[in-house]
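Starting from the structure of chain A, add chain B where the hints point.
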Amino acid sequence: MAAGGEIDIRLAHHHGRARRVNIDLRRPQAARVLIGKTPEQLLEQLPLLFSVCGNAQAYAALLACRAALGLPAPVEADRARELLVDMEILREHVWRMGLDWSGFVDLPADKTALAALLKFDTRFKQLLFEDGDAFTLHSRLRGELDFNRLLQLINELTGLIDGCLFGNRLQQFLSLSSEAQLGDWISQNSALPARLLAYVYHRDWEAAGNNAVMCLPAINCERLHAEWQQVDLGQFSRFPHWQNQCWEVTPLNRQCTHPLLAALSGHYGNGLLVRLTASLLEVAGILDKLISKTPASGSHFGHEGVGLAQVAAARGLLIHRLALRHGRVYDYAIVAPTEWNFHPGGVVTQGLQNLRADTVEDLQRQAALLINAIDPCVTYRLTLMEQVDEVEVHA
Amino acid sequence: MCLALPAQITKLHPDTGMATASVDGVKVEVSLALVDDVQVGDYVLVHVGYALNKIDEDEAIKTLALFAEAGLMSTP
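For the record, the sequence lines run as chains A and B. Residue numbers for the first sequence follow this note's numbering, so the first one is 2 and each next one is one higher. Residue numbers for the second sequence follow this note's numbering, so the first one is 11 and each next one is one higher.
Excised from the complex, chain A in its bound form (with noise of 0.2 Å):
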C-alpha cells in the first residue's frame, strides 16, 4: 500500500449507463503513530505528516490539546491561525484548479501563478507569529503586528488569485445570485472556471452524478464527544456515518445557502455544476471576507483529559479527538472528509452511480470530473467494467 494509502473504485456500466459502484478505501491511520508522545511533540510532528492541508491539521490538534489540558483560547492568536487556515483552503482550492480544470478543458495552466499562491503560506506565518511558529502551544504572535503589510499581501494574494483564476472578475462573481447571472458571467469572460461551467453545460452534464447523500449537518463538539464515548473510533473513523447514515463533508456543506447555489442544487441538486460552484463560491467568498476576518471556522470541546476539535478544511470539516492520560498521548482519531465521502455508501459512490453518458470515453471524463469536483486531493485506480445483460435461461 503506498504511504497515503489506496483508493479503488471500480465501476460498472452498460453501454455508458453506470450500474454499480464499489470502493475499497484503504488509507494508514497515520495519527496512531501519535500515541504515547506529549501534547508538545504531538504539536510539533503532526504538521510533519500531514503536511497537506498542514495548517488546518495543526490547529485541529492544537485546539483538541489545549480543550484536553484545559487552557484558555487566546483570541487574537486564534484569529491569526483561522486566517492561515483559510489561506491554506484557498491555496488548496486555486492551485487544484489551476492544474487540473485546465487539463479538463484543454487550457495550459498558469504555473507562475500557481507558484507564487504557494509562497504566500511561509509569507503569512513569518509576519503573523513569531519564528513563523503558529500552532504550537508556546506559538506567540509577533508583538508589533504590522497590519499595512497584512494588507498589503491580502491584498497581492487576492489580485493574484482574481488574475489567475477569476480573469479579474472576482467582483462580479460575487455578485451572483441566480443561475441567469451565472450564465451571463459565463459567456462574458473566458476564465478558467468559465470555461470549465461553459463546457459543463455545453455537455448537458450539469446534473451529473446528483444524489441523495446529503451535507452533513452542524453537530457541536459537546455532541459529538458525548455520542463518541460508546465508539470505537478506530473503526468509526474508517467509515464515519451519522444517525446510521452516510453524509457528505465537502465545501458544498459550507456553501450550500448562498443564493445561486440554492437556485443552481433546485435545478441539479448536487450534481457536477452546483459542485463546481460551490468551490468558486468558497473561493471567492474567503477572498471577500479576509480582511474582515472573525473567528468561526474552529470549535472545540474538553471534558476530563480528552479534547475535540473541528476545523473546516479545504476538502471539508476535520475532526481530531485525543485522550491525554498521565500528560501523554492516549488514543488519538482523525475523522477526514475523505473517509466520509469514499465510504463505500457515501457520495463518490452515489454520484458515480446515477452517472449516465452516450459512450464509455464521456462516462470516464464524468466520472473524473465528479470525483476531481468532490476531492481532487485523493490518489484513486478507477476501473470501468462493461457490464453484460444477465439472461434468463428458462427450462
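These are calculated hints, taken from the structure and not from any lab test. One or more of the hints may lead you astray.
Unchecked claim - No farther apart than 27 Å at their CA atoms in a straight line, the calculated lysine-lysine pairs in the DSS-like style are these:
| # | chain 1 | residue 1 | chain 2 | residue 2 |
| --- | --- | --- | --- | --- |
| 1 | B | K64 | A | K112 |
| 2 | B | K72 | A | K38 |
| 3 | B | K37 | B | K64 |
| 4 | B | K64 | A | K126 |
| 5 | A | K120 | B | K72 |
| 6 | B | K21 | A | K112 |
| 7 | B | K72 | A | K126 |
This is chain B only, laid out in the frame that chain A set:
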C-alpha cells in the same frame, strides 16, 4: 486527508522542468514547475506529481523517521 512524503531529487531534467526523485527507495518523476531553485540532493514535498516546496534535510529526515515509525514506509 492526504500525506506527502519527502522525496530526494536524484536527477534534473531542465528541458522538461521535471526531475527524478527517490521516494521511499522508489524512483518517481516529479514536476518542478511550482518550485524554484531545486538542486540534486534537495528534499521536496511531493503531492500528485508536483514538488510543492523544498524542505531542509533535518526536517526531511525527521519526517521520514516519523513515517517509518508509523509503518508507512517499506524501508525503515
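Each hint tested on the structure:
no. : hint             : verdict
1   : B:K64 <-> A:K112 : 17 Å, holds
2   : B:K72 <-> A:K38  : 15 Å, holds
3   : B:K37 <-> B:K64  : 18 Å, holds
4   : B:K64 <-> A:K126 : 17 Å, holds
5   : A:K120 <-> B:K72 : 22 Å, holds
6   : B:K21 <-> A:K112 : 21 Å, holds
7   : B:K72 <-> A:K126 : 21 Å, holds
Violated hints are absent here; each numbered hint is respected by the structure.
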